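Colleague: Protein sequences appear in the order of chains C and V. Numbering follows numbering that gives the first Met the number 0, with no gaps: position 364 of the first sequence is 363. Numbering follows numbering that gives the first Met the number 0, with no gaps: position 243 of the second sequence is 242.
Honestly, the hints are just simulated from the structure, not real lab data. Just to be clear, a hint being listed does not mean it is correct.
Claimed, not checked - Cβ pair distances, simulated, as ranges:
#	chain 1	residue 1	chain 2	residue 2	range
1	C	E412	V	E328	40 to 48 Å
2	C	H101	V	D324	50 to 58 Å
3	C	K71	V	V75	38 to 46 Å
4	V	K316	C	G25	35 to 43 Å
5	C	K183	V	G291	52 to 60 Å
6	V	A190	C	T157	39 to 47 Å
7	C	I186	V	A32	55 to 63 Å
8	C	A405	V	D324	34 to 42 Å
9	C	K178	V	D324	48 to 56 Å
10	C	H101	V	K316	20 to 28 Å
11	C	G154	V	A32	29 to 37 Å
12	V	A359	C	H101	19 to 27 Å
13	V	A358	C	R245	32 to 40 Å
14	C	Q153	V	E144	40 to 48 Å
Everything numeric in this text was worked out from a predicted model, so none of it was measured. From the three backbone atoms N, C-alpha and C, an ideal C-beta is built for every residue, glycine too.
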Amino acid sequence: MSPIATSVRKDRSQEQQKALIADYYGRLGALAAAGQGAPWTFVPGNLTELLLTFDPLPVLPEINALQSGMRKTSGEQVLHAEKLGHSEDVCAYVKASIGAWHQGNVGPTGDPLPKPNLLLLSYTGCFTFLKWFELLRGETKAPTVMLHVPYQAQGGITNEMRAYVVKQLRETVVPALEKVSGKKFDIDKLREHLRLSALAEDDLVRVLEAGKHRPSPIDGYFGAVYYVGPIFTAYRGTQAAVDYYRDSWAEIEERIARGEGPITPDGPMGEQRFRLVVEGPPNWTHFREFWHMFHSEGAVAVASTYTKVGGLYDRGFRHDPDRPLESLAEYCLNCYTNLNLSSRVDLIADYVRDYDADGFVVHSIKSCDSFSAGQLLILREVEKRTGKPGAFIESDLVDPRYFSAANIKNRVESYLQMLGQKQAVGGHA
Amino acid sequence: MDAPLTQAICPERDALIERAEGLVRDTTLASVARWKQDRPGSKAIGFLPPYVPRELIHAAGALPVGILGGGDMEVVRGDAYFQSYICRLPRSTIELGLSGALDVVDGMLFPSICDVVRNLSGMWQILFPKSFVRYFDMPQNFEPEIGGRFFEHEMRSLLSDLGALTGRCVTDDDLRDSIAKFNVNRREVRALYRLRAEQPWQVPSSELYALVRAGNVLDVDDHTAMLRAYRATLDASPRRPKDMARVALRGCFCEQPPLELIKTLERSGCFIVDDDWVLSARWIDGDIATDGDPLWNLVLAFLERAMPCPSLYELRKERGEELVDGVRESKAEGVIFAAPSFCDPALLDQPMAMACAKAASIPATSFLYSENTGQFQVIREQAGTFADSIRLS
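Use the sequences and the hints to build the structure in full.
Modeller: Dropping the structure here:
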C-alpha cells in the first residue's frame, strides 16, 4: 500500500467546489456579522429553490457537522454535547451541532454562522431530524415550520402523498417564509430557480454516470462527495451550480478521452483493479485515510447511494418549472433515505449491474439508523440478487472515537484480497 | 431503603395478576391462537408501538395484537440482522418472526415511530413476502385539512386492506361499535391510572403494567372485563396505605421495560404514579365520538388528543413541558428517565425533558435498560437512593 501523501492533490472541479463552499461560508459569515439571521434546514428534502425565491441563504447543520468532521473539530463538539447531557448512543451530527452552538455558533471555516430566524424542518427520511430541530428550537428559541414528507413504504409515491406535501408547502411553509422574509411569494421566481436546477441536475447525472466507463474517470463515492457538495448545499437553483456542473462534466469528458481515472488526494489513481458500489455515508473525521484504504489497493467506487441522499436524479427526477410545488414535493419524496428497503436493494443491485461492479461495500454508520437499520439484510439480498460479494464495515460520521482504522483497514484489505483471488480464478471478480 | 411490595390477601386478585403476567410473558401468543381457534377463519393483526387505531382492526373482524418484542427470550437469528448499536426490540421481533412465534398473526403493522421500526417494516416485506405488511404513517402536521386529510386517507386505505384480508366489508356502524368498545376499555384503563395516582398503594404499578399490557393479546371485551374484575377486588379487599416516593417514569413508550424492572423500582421505595409504557392502550385522551363519520372522529382524536410521545412533533409546547404538566397532575415528586439503550427518540428527547424538569425544580435521575435486562441491583440502589433523597428533602 502506498503511503498517504503529505500534500493534497485536487483537480479543477475540486478547486472550484472548494471555492464555492468557501464563498458559501463567507456569505453566511457576512450575514452573521451584519446581525442578520438565516433559515436553518436539512439536506434531504431541502427546499433551496423555494428559499432562494425569498432570497435567504440557508444554513445546513449536517453540512456544518461534516465539514467540522473533515477539519477535525467535530470530536470536541460531540464531547461538549455529551457533557451537556446528550447520550453517547445518539446521532453524532446532532451532538456536533449542539456542541457548535454552545461553542459560539462558529462554522467549520471559522466564520460565524447566522442565528436561525426559522428552523425549516424538512422531515424527509430521518426521524432524528425532528428531534434535532426540537433540540435546536429549545436552544435558539427560533420559530419552527414542519414539512412532513411521508415514507415510500409501498415503493412508490401516491397522489395523496404528493398532495399532502404540496398542501403543506402552500399553506404552511410558504406563509412562514413570507413572514420571516417580509416578501410575497413569487412563483415565477421559483420557476426560474427550478429551471436552473434542472440544467445542473442534467450535468450532475452525466458526472455521476461517468462511473460506468472503464477506467472510471471518477470515484463515485469519495470523489463524488465533492461533486454533490454544491447541489447539496445552497447552490441548487443557481447559475453558479449550472456553471460548476457544466465545467465538471467537461473536465470528466477530457479524462474519459485520455483514459484517465480520478484524482485522489494522493494524486492520479493508477490501475483500477476493483470496481465497487458503496452503500452508506462516508466517515468524515478520517475521510482521506478511509479513501486511501481503497484507492491504494486499486479499488474505485463507481457508484454510491450516499450521493443520492440529496436527490435521485439518476433515476430520472428533475425539478420542473412547469409544476413548481408538485416537483418540489416529488423531490422530497424521492430522496434515497425515503425509499423502503426493497427499493434500496433494487437500486444497489441495479448499480452493481449497470456499473459492471466487482462487488459492493456497505459502510454502516453508528449515528444513522435511517441508513443502517436493515443494512445487513440489504447485504444479503444484493449478494443473492447479483451474485457479487459484499463487504460490511462500520464506523461513524463525525465522532472520531468510532473510526477504528486498523479494523477497517483489515476488513477492506481482506475483502479486496478475496476479490483479487476471484479475479485470478475467473478472470473477473 | 427497601420497601416491601404492597401485600394483601386476595386470591381473586392474585389469580388475575397471575393471568396478566402470564399473558405478558407468553411470546408464543397462545391466547391469540385460542381466540382464533374459537372463531374459525378469523384473523389476527400484529402491531408495533406506539399506536395504531385498534378500532380499524377490530371493525374488520380481526384481533389487534400488540407486539412488544420478545422480553428476555434468547435472540440468535435476530442478532444476525442488526448491528450492535441498534436497540433490542427489532432483534427480538425478527427472532419471533423467524422462529414462527408470529405465525399466528396474519399481518403486521409498523407505525411511524423511528427509523429502526420504519426500516423493520421493509425487512418484514422482504423476509416474509407472503405476509400482510403495512407501514402506518402518522401525520406530523396536525391541521385537520392538511395532516388530517392525509391521515384519513391512510386509515381508509388500511381499513380497506384489512377488510380485503378478513373478507368483511366494514361499515360505519361496524366502526362505531368498535370505537364504543375501545372507549369503554380506555375508560377502565384511565380509571385505574387515576386510582393509582390517588392511592398508589392500592394499584401497584407492576400490577397495572401487567394488566394493561395483557390487553395487547386479548379481545377488547375480555380485557375490559379483566380490568373491571381487578378494580372490584380493590373495593372488596383494599390495601393499607404506604408512604413511598411518588415518581413519574419516562422513556418506555416503545421497547418495554421488563416486569421485574417495575417491581425493582417499587421495592426500592418508588410509587410510579405516571408513566409512558403501553401507550397504545391510552393513546387517545377521552372518548372518541361515535356519531357522524367514525373514521374522521378517529382522525380528529389523533390530531387533537393524542398522548405526548417523543416520536410525534411537538407543536404546541416546548418539549418537556408536557412532562412537567404530567408530574403536577399526578403529584409526582420526581422523574425517572428510563430509556432503552440506543432508543433515538427517547434519548434525543431526554435532554429537553430533563432541562424542563430542572427548571421546574423537579428532581430526576436516569438509567438505561433493555427488554432483556436481567440484573437489577444497580438500578435498585440508584432508585432507592433517589427515593430516599425525595423523601428526606
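Colleague: Using the beta carbons of C:A405 and V:D324, state whether their distance is inside 34 to 42 Å or not.
Modeller: violated (51 Å)
Colleague: Starting from the range 48 to 56 Å, see whether the pair C:K178 and V:D324 falls in it by beta-carbon distance.
Modeller: Cβ of C:K178 to Cβ of V:D324: about 29 Å, so the range 48 to 56 Å is violated.
Colleague: Note whether the CB distance of C:G154 and V:A32 lies within 29 to 37 Å or breaks it.
Modeller: holds (32 Å)
Colleague: Please test the hint of 38 to 46 Å on the beta carbon pair from C:K71 and V:V75.
Modeller: With Cβ atoms ~40 Å apart, the hint holds.
Colleague: With 39 to 47 Å as the target window, see if V:A190 and C:T157 comply at their CB atoms.
Modeller: holds (41 Å)
Colleague: Look at the Cβ atoms of C:K183 and V:G291 and judge whether their distance stays inside 52 to 60 Å.
Modeller: violated (39 Å)
Colleague: Starting from the range 32 to 40 Å, see whether the pair V:A358 and C:R245 falls in it by beta-carbon distance.
Modeller: Because 54 Å falls outside the window, the suggested range is violated.
Colleague: Hint says 50 to 58 Å; check whether the CB-CB distance for C:H101 and V:D324 agrees.
Modeller: For V:D324 against C:H101, whose Cβ atoms are near 28 Å apart, the range 50 to 58 Å is violated.
Colleague: That 35 to 43 Å hint for V:K316 and C:G25 (C-beta), does it hold up?
Modeller: holds (38 Å)
Colleague: Cβ-Cβ distance between V:A359 and C:H101: within 19 to 27 Å?
Modeller: holds (22 Å)
Colleague: Hint says 20 to 28 Å; check whether the CB-CB distance for C:H101 and V:K316 agrees.
Modeller: Since C:H101 and V:K316 have Cβ atoms about 23 Å apart, the given range 20 to 28 Å holds.
Colleague: Go ahead and decide if the range 55 to 63 Å is satisfied by the Cβ distance of C:I186 to V:A32.
Modeller: Taking Cβ atoms as reference, C:I186 and V:A32 lie about 59 Å apart, which means the hint holds.
Comparing the model with each earlier hint shows violations of hints 1, 2, 5, 8, 9, 13, 14; every other hint is respected.
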